[in-house]
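Residue numbers (the numbering used here), protein chains in the order written: chain W, 1 to 432; chain S, 1001 to 1261; chain H, 2001 to 2278; chain X, 3001 to 3369.
Note that these hints are calculated values from the structure, not bench results. Every value quoted in this text rests on a predicted model; they were computed, and no experiment measured them. Treat the hints with caution; some may be incorrect.
[Stated by the list, open to error] Partial list, computed: chain W residues near chain S (C-beta under 10 Å): (1) I68; (2) Q107; (3) P128; (4) M130; (5) A131; (6) L142; (7) V163; (8) C417.
[What the hints assert, rightly or not] Just a sample of chain W residues kept apart from chain S, beta carbon distances all over 12 Å, derived: (9) R5; (10) V179; (11) A206; (12) P298; (13) S363.
Just so you know, even glycine gets a beta-carbon here, dropped at the ideal spot from N, CA and C.
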Amino acid sequence: MTEKREIRIKVPLLARVEGEGALDLVISNNRIETLNLRIFEPPRLFEKLLEGREYQEVPDIVARICGICPVAYQMSAVNALEQIFNVQPDPWVHAMRRVFYCGEWIQSHALHIHLLAAPDFLGFNSAPEMAGAYPDEVRRGLKLQSLGNDLIRLFGARSVHPVGARVGGFYRAPDQARVAELVSDLERALPDAAALISWVASLDLADEQQNFCSVSLRHDAEYPIMQSRLMSDHGLDLAIEDYEQKFTEFQVPHSTALHSSLDDRPYLVGPLARLNLNHELLPEATLSILRSTAIRFPSKNMFHSIVARAVEIHFAMLEAIRLLQHYSLPEAPYRDVKPRAGIGYGCTEAPRGLLWHKYETDSNGRIISARIVPPTSQNQARIEQDIAASLQNAGLDQAEAVLRLRAETVIRNYDPCISCATHFLRLKIDRH
Amino acid sequence: MSATKAKVAVHKFSSCDGCQLAFLNMGEDLLALFDQVDIIHFAEAGPLNREASVDISFVEGSLSTPEDIHRIKKIREKSRYVTTIGACATAGGLQALRNVAQQDDWIQSVYATPQYISSLDQVMPIHEQIAVDFELRGCPVNTRQITAVLRSLLNGVTPVNEQDKVCMECKRQHEVCAMVARGLPCMGPVTRAGCGALCPGVGRDCYGCYGSAENANTASLGGRFHLLRLNQNQVRHRFVSFNGADPVFASAGSMGTGKND
Amino acid sequence: MNTSAHCPAEAQIIAREQDSRTIVSLTVRLTDPAYANEFEFQPGQFNMLYLYGVGEIPISISSDPASSDTLTHTIRAVGRVSHGLARLEVGDRIGLRGPFGRGWPLQDARAKSVIVITGGLGCAPVVPVIDYVINRRSEYGRLIIMQGVKHSDDLIWRERYEAWGKHPDTQVLLAADMGGKQWNGVVGPVTELFDQAHLPTENSVAFLCGPEPMIRACVKRLTEEGLAPDRIWISMERNMQCALGQCGHCQYGDKFICKDGPVFSYAGIRHLFGVKGF
Amino acid sequence: MHSPLRNFLPRNNFSELLTALSDGGYRCLAPKVCDGAIVYKELPSQDTLSTGISIHQAPGSYRVEITDSARNFGWSNGPQGLKPLVFKSRETLWSVRRDTNGQMTFTESAAEPDPVAIIGVRSCDLAALALQDKHFLNNHNRDSHYQTRRASLFLVAVNCTHPSDTCFCASTGDGPTAQDGFDLLLDELDDGFVIRAGTEAGEKILETLPVDPVAPEQAEAISRQNQRARECQTRRLPSRNLEQALFENLEHPRWRTVAQRCLSCANCTSVCPTCFCYSEQDTGTLDFTRSEHVREWDSCFTQGHSYIHGLTIRADTKLRYRQWLTHKLGSWHSQYGRSGCVGCGRCISWCPVGIDITEEVTAIVSAET
Ligand SMILES: Cc1cc2nc3c(=O)[nH]c(=O)nc-3n(C[C@H](O)[C@H](O)[C@H](O)COP(=O)(O)OP(=O)(O)OC[C@H]3O[C@@H](n4cnc5c(N)ncnc54)[C@H](O)[C@@H]3O)c2cc1C
Ligand code: SF4
Ligand code: SF4
Ligand code: SF4
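In isolation and in its complexed conformation, chain W is listed as follows:
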């Protein structure tokens, strides 16, 4: 190495991510000088605007934090509020919430794989471009995405900001005939989901091992979606109520979203973390497809996230079928709720990872304060760490375009959701 070289990579607007973010990267003499995943979307101050609202309004309001994962927001919120009001929803409600949530995983993961991530691994700039060359794969993906949307609609009437969930359960139980129809749609699409796993596993994913800490919910008997304990592969075992004791959020000057750390270190949430920690809870049907691929979990290859997503689609479809197969109308689709004063916590596995909520209400159930920690802000520090490692692995002497694409690919691999991340604040970057 002889010459001194400085590369300044600025990606002013990241493509194929939800929301608007940028990347500033300065490599000087084969050293990364600056590496900022810059999230600049203006804040929407959601926690603040929840104050003074009635508890019934919360599921509809928090849904608006994110159009891709509104179900996650609604479920974390209703869990937290039910904790305050001390209501235990029926097993029926619990099961149907899981199905509702499965719909969101399927929809969000299918969208990410096909429209956002796959073009990177197949060498396209955009989904429309890729659709020209891979019409069958894209069609299959869109079909799966639609199935996810259909599942959300089953309970919520629409898939973006669904209107069916309430504290205590659902406003209305879905109609039996419609459920039966969807179950058979899901069954018919299972081979597609299986083929999807093989397809993504066969993509040319860089082989790159990294060290990171995976964090997810943990449930004894089921693959975690809602309300259980927190765990990590570094020995964490924590009640969600104690989240704030271990996890800290802090501000960095280059982002309008807070960064988050666990014991002062970055950590990973999301499908790869979930699979790393819970793969043995997957149904045998899913595991056997996974075994037929070359990929094994737990995995330290961040790019296996896309495989994890495909695996979770298959799981979520099986899970929805399992829970809907013997569907019958409940006596009541919700429990009546008596509001009271208190503090409650809700934590669920959004498609992108942990989504933690905390609310305080007064005796009428009005919100006194709210705190929401979304998955993407938790992953931010990890993403920056990953970009650095990945570029280092690739070799910092590579051409600028290569480095740039690599960095973008890494970012997209996390499926960052910037609307979620920036629900509350705005920073102006000071450049001196």
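With the hints as your guide, set chains S, H and X with the ligands onto chain W.
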């Protein structure tokens, strides 16, 4: 129809991305869309070309920073036809609620280094800064609406402005009126149709996410809400939520403010 | 051949005339020859024209009923459908249903003087009337044609007016609220023309078509001059969806414009004429 | 008029009627409580009718109560009459395909005959159906969609014994007992039904039923309960042709005050069993080869109803409410030879702000202002 495809852009401002999903959730019809038009800029779907001239721009989100204003003016210059989509773009969205609150106080309380903050005093719908050719309402807008607008524009005619009340759709679907049969404070009689009366369809009252309909009698409905035992605060929240800067709802919501019970 | 009342038949544009910046005359022929053959209409009747994928609107037939194998429609581009129709070219296809409504009472007018008062585009639905009378000049009394426009540039068919004016016992009077450079007609509302016309109020009928305020003013003048209400005929316009007397939109008090009209005698509608809200 | 009271069908034989109907090829729609109101729902073959439903209606309010009465029809009415069964709230009239040369092929869509028996039809709704027949099946035009569905109906009417507070069919002459328009008509007693036929089709079904003769006490009980049903109604329309009176009062101040309350929401016209307005539009997918032309219920309370380019004839609620009332109670007489109101009271109950048509019209046509 002309031989060249229409050039389409989808832009985003302050929002949840939900309205763009009306495109991305089209299912297999998305492929028909890619066939019918050239997507020039649509960050989430990949193509990036913010500066290019296009035939139709769809704009999601509200304006909340000085840069936003600069950018939307550029978009106007470069677009033959601008359609705003969703409650944020047409009526400020939920985030416009901060217009009525003490913003400084809000910002102090949510973050550590407030001196970094720079944003507009008011969250604005797009039409406050540029001339908008067509507004599509809803939080979020749906694929049916987007398809109807695209069909009209590609046919060279103005899209239909749906402005009837949610009650019309509710009744066409034979939902039992939630307000009359169960005393729920439904916003349907003042809210713009377009969603397909989803909320009455799942057995709940409409909460007004499509904004105000034409000739909306908010005073009469507000009075009815009081008779249904809603307090002043609750009535205000019914009107001022998802379309924070909708003038009809905003003024209905400010009626009787001060009495915070 | 198309049998349904709701469902249009296909027609092809065989001639297109750009009458002014916003006004286009489309002459169409029904593509089913059998249907084209049996199509007959009366002056004053209208068709529902359908623009593919967009919608239907009522448009009067402005051509001669005698040659009904082709049908001319003079369309002012004002909104959604009309703008789209006005952009079509020769060879393009549209949907067509019709004819609908009751036309002008030409039988009743026989041997009487005929006063035609139109405003804006209003003359289109009366053109077949004028042609009809001129072709049977001896069977009618005087023919007085008065046309008003907002701006003289809006006046279409100047040559036609000139030609009509050359027929015996035929008077053509033109007025524009605002006159342009080469305007030698009257400047002012169409009622200004009344003094020049020396209207025959005995044994005459008046046919009126155009914007309602203008019609109201003319009806007032005509009745003041002594024309009986049942001798004054007005073509009305209301929102129209089906043209079959079903959709309810064109109701005008106890009337349905589409089937009881669009042409009404003033005597039949005077209780509502000009009443706000009807 | 119709056959005398001869045949008694004991309650536990009622299922025989259902069987006879389904053997006759009809789907049966029967009253069920759904979301807090009576609606006609398909009755699965082995199912029984609901019992003990009681309905309380008041301006802007409708409540269901379940009592321990064994009766099946001791209620007034639900939010919809027969209208949705014959005049669909949304249907495709025709569709069109366009090929690459721009050539168009129009295809009319036809309604499928779907024989359906409706159990528990009220006399007000029979009257309304007769009015809709006049509108959709007149000499000027016969609506084939309406006609097909209309011909598929088998109407099992039940005389109304429990009018609600909002009912005023006695004053319009359309109830509470049915005069004609039914295939079968029932009078409900505690232990069963007196049943008679109004058409040949009804007669055929009746012949197959295991009926008993009617006892004189039963006939008496029926005439008593029918009279009670008539007399318990407190609301009424002014008892004359209101056309002239309404059109003479177009500037009455009451129009303004009612407009302050009216939401212009069209709930009244949507539940009205005689309202017939609809609008048409084109819909379709993004792929431009096909388009569908649909009609759907519209209302004189919408802006689009009276829109002509550049002008809305009835821009405000005062004019829209006035259009509704002057048409329904006024010009309907000229158009169809009778008032457009059958006294079902739905527009009173289902108006979210409880506007009462009888109160409004009385105020408007009464001498003092
Ligand atoms: C009997 C009759 C004869 C007519 N003859 C002619 C003619 O010869 N030439 C001509 O240029 N115009 C004529 N009109 C007016 C013409 O129908 C309207 O200009 C046209 O409907 C406007 O439609 P649009 O979609 O372009 O306008 P928009 O303003 O976009 O209207 C939207 C929709 O509203 C309805 N609508 C709007 N205006 C009218 C209207 N005036 N009448 C009925 N429905 C309306 C239509 O469904 C229309 O598609 C006639 C109208 C009637 C009732
Ligand atoms: S439920 Fe709401 S939307 Fe439906 S009719 Fe009643 S008031 Fe209107
Ligand atoms: S019913 Fe109302 S709140 Fe519900 S989706 Fe429709 S407009 Fe939004
Ligand atoms: S009268 Fe009642 S139901 Fe009818 S439009 Fe007015 S408010 Fe709605």
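Notebook entry, point to check: Does R5(W) really sit off the interface, with its C-beta more than 12 Å from all C-beta atoms of chain S?
Noted result: holds (27 Å)
Note to self: Over 12 Å from every CB of chain S: does S363(W) meet that, or does the non-interface label fail?
What the structure shows: holds (15 Å)
Checklist line | Minimum Cβ-Cβ distance from V179(W) to chain S exceeds 12 Å | finding: Fine: 15 Å to the nearest Cβ keeps V179(W) off the interface.
Checklist line | Closest CB of chain S to the CB of A206(W) still more than 12 Å away | finding: Since the minimum Cβ distance to chain S is about 21 Å, A206(W) lies beyond 12 Å and the statement holds.
Checklist line | Status of the M130(W) interface restraint (C-beta, 10 Å, chain S) | finding: holds (8 Å)
Notebook entry, point to check: Holds or violated: is the Cβ of A131(W) closer than 10 Å to a Cβ in chain S?
Noted result: Nearest chain S Cβ about 6 Å off; hint holds.
Check: Against chain S, with CB atoms and a cut of 10 Å, does the hint on C417(W) hold up?
Finding: Hint holds; C417(W) Cβ to chain S Cβ min 8 Å, cut 10 Å.
Margin query: P128(W) was flagged as interface toward chain S. Is the shortest Cβ-Cβ separation under 10 Å?
Written below: Holds, about 4 Å.
Checklist line | Interface hint outcome for V163(W) [beta carbon to chain S under 10 Å] | finding: Nearest chain S Cβ about 5 Å off; hint holds.
Check: Taking the least C-beta to C-beta distance, is I68(W) closer than 10 Å to chain S?
Finding: holds (6 Å)
Check: Does Q107(W) meet its interface restraint, that is, does its C-beta lie within less than 10 Å of any C-beta in chain S?
Finding: holds (8 Å)
Next item on the list: Using Cβ atoms only, decide whether L142(W) comes closer than 10 Å to chain S, and label the hint accordingly.
Entry: Holds, because the Cβ-Cβ distance from L142(W) to chain S comes to roughly 5 Å (cut-off 10 Å).
Against the hints set out earlier in the document, no violation occurs for any number.
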